[in-house]
Amino acid sequence: MKLAVELAGIRLKNPLLAASGTFGYGVEYEGIIELATLGGIVSKGLYLEPRDGAPPPRIAETPSGLLNAIGLQGIGIHAFVKDVLPRLRAHDTALFVNVCGDTVEEYAEVARVCDGAPGIAGLEVNISCPNVKQGGMAFGGDPRMTHAVVAAVRAATRLPVIPKLSPNVADITLFARAAEEAGADALSCINTLLGLAIDVETRRPKLGFGTGGLSGPAIRPVAVRMAWQAARAVRIPVIGIGGIASAQDALEFLIAGCHAVQIGTANFVDPGIYERVLAELGAYLERHGKSDIREVVGTLEYPGEASECKTGGTP
Amino acid sequence: MSANRTSFLVGREGIGGPYFLLTFLHPETAREARPGQFVMIKVGVSAEPPLRRPFSILEASPERETFTLFVKAIGPGSSALCALPVGGVAQCLGPLGRPFSPPPDGTEAALVGGGYGVAPFSFLGSELAHRGGAARLFYGGRTRAELPLLARLRAQGMEVVPATEDGSVGTPGRVTLPLEAHLDAAKHPQRLYACGPEAMLHAVARIAAARGLEAEVSLDPWMGCGVGTCLGCVVRVQGRDDARWTYRCACTEGPVFDAARVVWPGESESRARQAAGGRT
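So the sequence lines, in the order shown, correspond to chains X and P. Using the numbering used here, the first residue of the first sequence is number -11, and each one after it goes up by one. Using the numbering used here, the first residue of the second sequence is number 41, and each one after it goes up by one.
Keep in mind that the hints were calculated from the coordinates and are not lab data. Treat the hints with care, as some may be off.
Said to hold, decoys possible - Below, a list of computed lysine to any residue pairs in the SDA-like style, where the Cα atoms sit at most 20 Å apart:
hint: 1; chain 1: X; residue 1: K194; chain 2: P; residue 2: A174
hint: 2; chain 1: X; residue 1: K194; chain 2: X; residue 2: T50
hint: 3; chain 1: X; residue 1: K194; chain 2: P; residue 2: E88
hint: 4; chain 1: X; residue 1: K194; chain 2: P; residue 2: W262
Unchecked claim - In silico negatives: residues of chain X with every beta carbon more than 12 Å from chain P:
hint: 5; residue: R46
hint: 6; residue: E97
hint: 7; residue: A136
hint: 8; residue: R165
Unchecked claim - With beta-carbon atoms standing in for the labels, derived distance ranges:
hint: 9; chain 1: X; residue 1: G104; chain 2: P; residue 2: S101; range: 29 to 37 Å
hint: 10; chain 1: P; residue 1: A283; chain 2: X; residue 2: T190; range: 26 to 34 Å
hint: 11; chain 1: P; residue 1: I114; chain 2: X; residue 2: A78; range: 41 to 49 Å
hint: 12; chain 1: P; residue 1: G306; chain 2: X; residue 2: R191; range: 14 to 22 Å
hint: 13; chain 1: P; residue 1: G279; chain 2: X; residue 2: R191; range: 32 to 40 Å
hint: 14; chain 1: X; residue 1: G104; chain 2: P; residue 2: A174; range: 34 to 42 Å
hint: 15; chain 1: P; residue 1: V129; chain 2: X; residue 2: I20; range: 13 to 21 Å
hint: 16; chain 1: P; residue 1: G279; chain 2: X; residue 2: A(-8); range: 58 to 66 Å
hint: 17; chain 1: P; residue 1: G84; chain 2: X; residue 2: R191; range: 29 to 37 Å
hint: 18; chain 1: P; residue 1: G207; chain 2: X; residue 2: E189; range: 26 to 34 Å
Where a beta carbon is used, it is the ideal one built from N, C-alpha and C, also for glycine.
So here's chain P without its partners, still in its complex pose (with noise of 0.2 Å):
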């Protein structure tokens, strides 16, 4: 059950440029998250920013009852978050969403991640090797200074594929480019996690279906509550057996959705008005 609670931050640790590690105080979320949950927080209960923002858990200790986040300062809300000092405190909703759901046996898991949305896959990461699965990191950015995990995360053991549009680091161009050259040349069944932008995980989504491979997205619409009430964060969802599809919240039903179900934008025009048949 996830926990509404004022927060506090016990670790800070800047990693270059606009990207902080923030680790809080919060053990409902310590103990129950799943890799993909996420958390809703905000500094204070101020008119500005307006609303909480959504992150993703980077990594969860039940140990010490804290949870980091890996947050980039680009808006007034991640700002006011990274800009908090240690002891400082946020308010807290957390953990909320549906996690990712993990390979079956034998099934190796291929993660992508782009720019800040590489922030759940620390977490899926260690999970996965606690299963004892294989999981490979395709970690894209345009520059090397987007890719400030890549060092930690290999630290805690993570086989990381860097791919930089600018080559600084990787191989060069967008990371979809050595995710296809090691699904063409992967020995065992694949599964592809991806967290992004979302002409990233549009472009995941086309791969794993003319590949017949099962993929899941995490969607980062803005939302308003984090819990299903006010609607603001829908997404297309196509539903099983090729139903008509539907309006689902990503904070609740998501952020994780089959790749094969999600209407994306520039589909949507066609497909989502057969598949409506007509109806908005």
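Same shape as in the complex, but just chain X (with noise of 0.2 Å):
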């Protein structure tokens, strides 16, 4: 069975990545899973400098989900290169970094950083994160500001750029349209949705930020909506992420024209996930006839479309 896709340029031995966010740096994993296992890892948010990060609790557990406000704690994009990179590169496995700003200039400026740095496949950008109050979703949440992060990460790198964006906007084809336009060369749909959970006892928020960030199976139609209507709307590869936890559920997400995929909050329970859906997707691709994972990208048969119907892009 071939697993391997290329997107962006970019080839991965499978599609299966892990998601910012909910996979460290990578080597927190190293000898509980074989890292060489995952066609990739999205390294936790990086801004140029460390950061605290926001007050605890930092995550609450929701119906089949997991609200969070992590709020982008990190080691800062320089001591990512200097002291994980290398290690990390160690692994069989394409590494991208999550590229965080206050600023559009700070996303270029971590952008120019990772352009000089051996090891990594490609730029993920977020514009997304809903739990800083400066940066994340601002960018994310007007397709002009989308622009212009985009534009500006796009002329301080020659690696793939893939903007992460947010399900929190009423139309995400506008957000997808705009980030093609300022040169992206892949998008990553969806971060999390923006929630409120409360603890009625002491009316506060469950979490110390107060609102946070929706991941698990508890989002993944609406993941998969999003990420279908931005894979129609581009020609550039779309990289599905949400609620991720088993074979199945990441051929939602091909079918509906993603070339790969993210697995996030399952990492949590449990880390041998990548193993087990592999497994789980060459049985598919038996059972339905296939030899080649990409001939189930973008066949969505949707009711009242001819079954012709492109729903991907061509990478």
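Take the two lone chains, each set in its own frame, and fit them into one complex as the hints suggest.
Laid out in structure tokens, this is it:
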């Protein structure tokens, strides 16, 4: 079975990436799982400098979901490049840096640092974190700002640029197109949904930050719908993210037109998920008489549309 | 090195009400676990409950390749675990976290366990006994029913001083009462170890600070991953040399912390702001 895919000129040995913020810097799982099993790893969000993040409590369970406000605590891009990257490069998997910034200039500067560091396959641009007061979703909630950030990062690096879009907008296609026009090579869809959980005994939010981002199986149908809309709106490939915990879940995104997917919250439930999902993907292809995962991409038969309707893009 | 594997439940003992002793086959945890360490465990990989749960290790047996948990069935995660039949399986990652550190020679250990927070002290008590040191456990709860391990801990040779708020067994009132009485009378230097409700940990930290004693506390915030990737379980911890506090992961830099360095919720407003120099 062929599970390899190509995305924005990057060859991935399989379509499963670890989502930013759910896999640390990757090295935390050394010795617990075989990192080479993964198609790729997207780092925790990185600014130029280290960040403290949001006050605890930072996570709360919700029905089939996880509400979090970590607030992009991180070691900063310089420490990542110096201390983590050399160790991470020893593993045969594609490495992506999740790029953050308070300003357009900071995004570009982080991208510039990555451009000079060996071993990075691509940049995911975080314009959709709901848990910071500046930057984050502010850039992902206005198509002109999305365009400005992506264009600035585009100009600062030769690496593939992959904006991660927010679901907290009325029409994601406006943002998908803005990012594509600004020179994005692919899109990550979606980040967490803005949520609020309340402790009724104390009448306070369950999270120290107040609101948080919802992830996990609870958001999967929303994520599949938005990834599908984005994939139809642009010619660049889309990476599907949102509540994937099995091969079935991953296949929903692939069939909807995504060329790869990211596994997030499910890493916490089982860090060994990659091996299991890859085996299940192989079994699915066999059962459907296919030999290559790429044959599945964009094959959604949507009611009222011709089955030949192209939902994916050409990578 | 911790290991992530499917683990068979090989022993299940109800010890009254919602309390169970659950023994799992997990060679790595059995071999390498230290007192104060924990496992992340969940029955199956379904979406409910969404996360694994951290549990302190009650005992580990390298010979049998098993470890035992003391679990109170109170929520969906712990209840599913307690409902698992012998021969059933759970997904388990362990051993994890920073263990308790033993007291220096000549110093006695005073262990303070509140409710199901007593879990790590069977393991710590046995280890200290093997080292030939003296250890005494102050075991508190609201009622006798909240002290289901009392007879078992005594049977393993530990000196246990119970306290209940309703006076149904041991000293009536908070567990810190017999602890302070003991510290007043102690002839040898004492080191405190505490695990239980946050208010109790804070009280033990205050007692230790007032008496100039060292204390280690095991904190229990919500955890997402157990290995330092989600950064969901952070606590405020003061740096050395009185530097500003920073967020530390309870899963990898704890769950055991030096009580004097923990910035407790009640004091977080003033002390935290002062220490942080206005940064958030």
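Each hint tested on the structure:
1. X:K194 / P:A174: It is violated: about 42 Å lies between the C-alpha atoms, which goes past 20 Å.
2. X:K194 / X:T50: 11 Å, holds
3. X:K194 / P:E88: 19 Å, holds
4. X:K194 / P:W262: Satisfied, since the Cα-Cα distance of roughly 11 Å is no more than 20 Å.
5. R46: 5 Å, violated
6. E97: 21 Å, holds
7. A136: 27 Å, holds
8. R165: 33 Å, holds
9. X:G104 / P:S101: 29 to 37 Å: For P:S101 against X:G104, whose Cβ atoms are near 52 Å apart, the range 29 to 37 Å is violated.
10. P:A283 / X:T190: 26 to 34 Å: This hint holds: roughly 32 Å between Cβ atoms.
11. P:I114 / X:A78: 41 to 49 Å: About 43 Å separates the Cβ atoms of P:I114 and X:A78, which means 41 to 49 Å holds.
12. P:G306 / X:R191: 14 to 22 Å: Check passed, 19 Å falls within 14 to 22 Å.
13. P:G279 / X:R191: 32 to 40 Å: 34 Å, holds
14. X:G104 / P:A174: 34 to 42 Å: 59 Å, violated
15. P:V129 / X:I20: 13 to 21 Å: 18 Å, holds
16. P:G279 / X:A(-8): 58 to 66 Å: Violated - the Cβ-Cβ distance for P:G279 and X:A(-8), about 47 Å, lies outside 58 to 66 Å.
17. P:G84 / X:R191: 29 to 37 Å: 34 Å, holds
18. P:G207 / X:E189: 26 to 34 Å: Holds: the Cβ-Cβ distance is about 27 Å, inside 26 to 34 Å.
Going down the numbered hints, you'll see the structure goes against 1, 5, 9, 14 and 16, while the others check out.
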